[in-house]
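For chain H, the structure is supplied; the task is to place chains E and L on it using the hints.
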Amino acid sequence: MPNSGPRKFSLLSSPISAARAAALFLVCISSLRAQASSPSLPSPRIATREVVDEVGRTVRVPISISRIVSLAPSLTETLYALGVQDRLVGDTVYCDYPPDAQKKPKVGGAIDPNLEQIAALHPDLVLLTKSLNRLDTVRALETLGIPSYATDPHTVDEIISSTQKLATVLNVAEAGRSVADDMQRQLGALEEKLGPLPPKRVLFIVWTEPLISVGKHTFIADALRRAGAASIVDSGQDWPQVSLEEVVHLQPDYLVFTSSHLGAAENDFESVANRAGWRILDAVRDRRYAVISDAVNRPAPRIVSAIEDLARQLHPEAFPPAPAPEKKPAGPMEPLLLQQKPGTMRPMTLTGSSESPCAR
Amino acid sequence: MRPLTLGRLLLRCSVLALILFVVVVIALKLGAVQVSLYGLGRDLVRVLLGQSSAISSDYGMIVVDIRLPRILLAIVVGASLSVAGASFQALLRNPLADPYVLGVSSGAAVGAILALMLENQLSLSPEFAGLITPFGAFLGAAITISGVYLLGHREGQIDSNTLLLGGVITMSFLQAIITFLMSTLAGGNLRGASFWLMGSLSTLPPRSLLYLVGIGSLVAAGAIYTTASDLNLLLAGEREATHLGVDVPRVRVVVYVAASILTAFAVSVSGSIGYVGLLVPHAMRLLFGSDHRMLLPTSAFGGAIAVVIADTIARTIVAPSEISVGAVTALVGAPFFIYLLRRRLS
Amino acid sequence: MSTPLRTPMPSADQPRLNPDARLSVEQASYVYAPNPSQAPLFTLEALSFQAKPGEIVAILGPNASGKSTLLKLISGALEPLSGRVFLSGFATHALPPKIRAQRIALVQQESRLLFPSRAWEFVLQGRHAYNRRMHFESEEDVNIARNALAQVGATHLSDRWMDQISGGEKQRVILARALAQQPLLLLLDEPTLHLDIGAQVDLLDSLRHLAAVNRYTVIVVTHELNLVGEYADQVVLLQKGKCLRVGSPASVYQRELLEQVFQAPLTVEMTVAGRPRVTLLGKT
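Those protein sequence lines, which keep their order, are chains H, E and L.
For the first sequence, the working numbering begins at 1 and goes up steadily by one.
For the second sequence, the working numbering begins at 1 and goes up steadily by one.
For the third sequence, the working numbering begins at 1 and goes up steadily by one.
Among the hints, erroneous ones may be present.
Stated by the list, open to error - Only pairs whose alpha carbons sit at most 20 Å apart, straight line, appear in this in silico EDC-like list of lysine to aspartate or glutamate: (1) L/K98 - E/D247; (2) L/K240 - L/E224; (3) H/K130 - E/E119; (4) L/K240 - L/E190; (5) L/K240 - L/D189; (6) H/K130 - H/D157; (7) L/K98 - E/E238; (8) L/K240 - L/E45; (9) H/K165 - H/E54.
Stated by the list, open to error - Facing chain E, a subset of chain L residues (Cβ under 8 Å, in silico): (10) P97; (11) A101; (12) Q108; (13) S111; (14) W120; (15) A129; (16) E137; (17) V142; (18) R146.
To be clear, the hints were calculated from the coordinates, so they are not data collected in a lab.
The beta carbon of each residue, even a glycine, is placed where N, CA and C say it ideally should be.
The following block holds chain H by itself, in its conformation from the complex:
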């Protein structure tokens, strides 16, 4: 109908406003629905209690937790160590240890887990760590009414206490105590052996290009200390980028690499040893390097074996050649990776400068 005469229309924003009003209306509806349909919000019928997690949040968790989603590989390992793996209903694609964890339903990565899949699993509790996961994920879970619990250990002792606290939240305090005791025992024995020996100065290499090491407030730095090593990097950041000049200036005694499997370790060292600048390092010239399993990257009970492994490589004199069989802690643990002396030349094929993946 054509406009006629001087009539003018002034409600011209009505198409946009109508659409936006509809959108807002939908949002209102959805917020009502959220009230009506949040089954995983603990209703008064499910008994809950308040706990304080390791980042200071007060969360309300069910007393009986039967469905757990883990968003960090270290937490997955810890759950297996505590023997509650049957309650684990979902984990991340990076959760590869123990091998059984790989069979669990996946919810995506640690940094970008898929909220829909987490929600579809109807978890009673979601576990995260501050260093690996994002705050946004925590907030999103809160918005959805899914309880979440975060750990944040910065030292090996804190890993032990964190495991115990988690065990309490999951009602397996006994198992928690047992795991903690085993870890303490191993660490204690190690400390005895290493006691009088001066620590070796090491550069812990996370990544070579750019050169990234670990900061002094991380649990990895503490793990190094327990293994009779001292990281030459003195930084407040968690993953500081270090200049090669500084490293040359400080001349570490050893380079420490992590690897998830044999063979890649030697490649790491060889590819680094041939680079300009690195050759000046005494440690490179004398082929003084140690390789440990990537368990050191995960704040879980398995870190103790990595610590011990490193200690053996750095201080072979502390470990007499005919060791009494040590009492292995309960729970599945990977056998010690490398038993050879550090820096031994092994026949191998150089496969170029492929780097082992940055273990997480």
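Just chains E and L now, kept in the frame of chain H:
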């Protein structure tokens, strides 16, 4: 001679609204988890009729609590960016202008990153914690808007060329600050900042924020719409526009402030999603012409449709992982941009 | 700036100020200065003239004589430093943009459009001044636009794209847009610059016709001596910011005066109709 009438405008907007509705329904259906929309619809009807009190938990939370807010956010962000883009193209008389050319998004990024760094020092209650980053982003954007305005005005009025220059310079400067800040960030903060800079709709904002942004964007878009016929004339040049009856200084200020606010809102909840503000207006011009009375509403719908589709692709193509929305819009946008360019040249 | 300026005409030849004239320029002057402390770059000295409905006034002079400045004062884009410019009793500078656009229409040489539009859309822009802020064009607006195109003989261009028509055709459409504004005052800034001779004559013929029929007051800024001589009812002769003479073409076209202003040897003849015709001589 067929001048634009309200009837034609409403008809076209209705068609676009219908397309948007269909796209939304499809987006609700798609995702990492299978849902049955039929079941959802059935439960909704039952609740509306009072027969039951809740939607089945199998999909209720996923569709209503996760997907729906995300889709609504995509609609608001897409519409805002497109309207802002069309407005800046008119204001700066430059077809290459997009909502970010005057540095608003860079200012928002600086604000967001600073807020992220600050967040760790403070421990806030959950309601506020979720608001700090968007608020910081908006504050950064607002400061940038004022700064660029001061740079870009001469003799008391906004001058298009000076404004563009001032904006581009400001943007470069802020980008340098962002690079510097990123290099000092550690671990978790860095990841958060990267997500934000790439443009992402995956963080569910608090409800209050969604309402605020929705209503604020509506008001700002409405303000721009009141100048739609003025913008048509402004494209011919400011002297001509003045002699045809346009109050050029007033229109410039209104459009600049309102379009910047639209951009600031969009960016503070979703980071910088690129190409939408640049290309959707051009696509709508190809389809419907350059009359801003038609261009602005159709760009709003077009942008909403584009971002909902892009977001759906982003969260389903490599499910359960996600790629960022910005990556999808760039991958689709760049070839389309080339197509537009060739069309113009031919 | 070294040649001596002719003194302005004695006051006896200047038109007496008629309070009922449509356009009244009264001792209006202007100064361009980058900032107040520096010497002015350009001065338009005070001048006066008046124009009636149906009259064509030519502002004539060489480059940099102040023609454009005077046009801006008349159109209200600039405020006179002294004196005033009145259109039907209102100072042009003080009018709000919409009202001013209803009374004064400006035709410029070129119109750069960022995104191409059709001719009828372009002409409809002239109706903007009559409509409220958010509006759609009414049937009346459409009729007026159609009419305007017809008056300039461009109805056949109505559906063509503006960037696909010739310079002369574009000029006509631009004029049609000005007519759609239904102004009292029609200002044209060097309208014949890009036109070939036939088109120039066409344009002036149209202007004379439109001025008579629609009672516009037409002000044309130009340096085309013969077109002015043939078509203008009144001539304002400017040189270097000074108004040297105001009057009918016959009274303004004095050989010595023109030679001095345009710095070229010429002769002036009178046609049968009483219009002066200028012939440029070579510099032999």
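Status of the L/W120 interface restraint (C-beta, 8 Å, chain E): Holds: closest Cβ of chain E sits about 4 Å from L/W120, inside 8 Å.
>> Given the hinted pair H/K130 and E/E119, is their Cα-Cα distance within 20 Å?
In response: holds (14 Å)
Within a Cα-Cα threshold of 20 Å, do L/K98 and E/D247 meet the stated pairing? Distance ~8 Å between L/K98 and E/D247 Cα, so the pair holds.
- Assess, step by step, whether the Cα of L/K240 is no farther than 20 Å from the Cα of L/E224, and give holds or violated. holds (17 Å)
Original post:
Is L/K240 within 20 Å of L/E190, Cα to Cα?
Top reply: Holds. L/K240 to L/E190 sits at ~17 Å (cutoff 20 Å).
Satisfaction of hint between E/E238 and L/K98, Cα-Cα up to 20 Å: OK: L/K98 and E/E238 at ~14 Å, within 20 Å.
Just to be careful, I want the Cα atoms of L/K240 and L/E45 compared with a cutoff of 20 Å; is the pair within it? Between L/K240 and L/E45 the Cα gap is close to 9 Å, so the pair holds against 20 Å.
Exercise for the section: Answer holds if the nearest beta-carbon of chain E is closer than 8 Å to that of L/S111; otherwise answer violated. Expected result: With Cβ-Cβ at 6 Å, under 8 Å, it holds.
* For the pair we were handed, H/K165 and H/E54, check the Cα-Cα distance against 20 Å. => With a Cα-Cα distance of about 9 Å, the restraint between H/K165 and H/E54 holds, given a limit of 20 Å.
Query raised in the report: Quick one, is the L/P97 hint okay against chain E at 8 Å, beta carbons?
Result: holds (5 Å)
Interface hint outcome for L/Q108 [beta carbon to chain E under 8 Å]: Status holds, d = 7 Å.
Hey, H/K130 versus H/D157, does the alpha-carbon distance stay inside 20 Å?
Given pair H/K130, H/D157 holds - Cα atoms ~17 Å apart, limit 20 Å.
No hint from the list above goes unmet by this structure.
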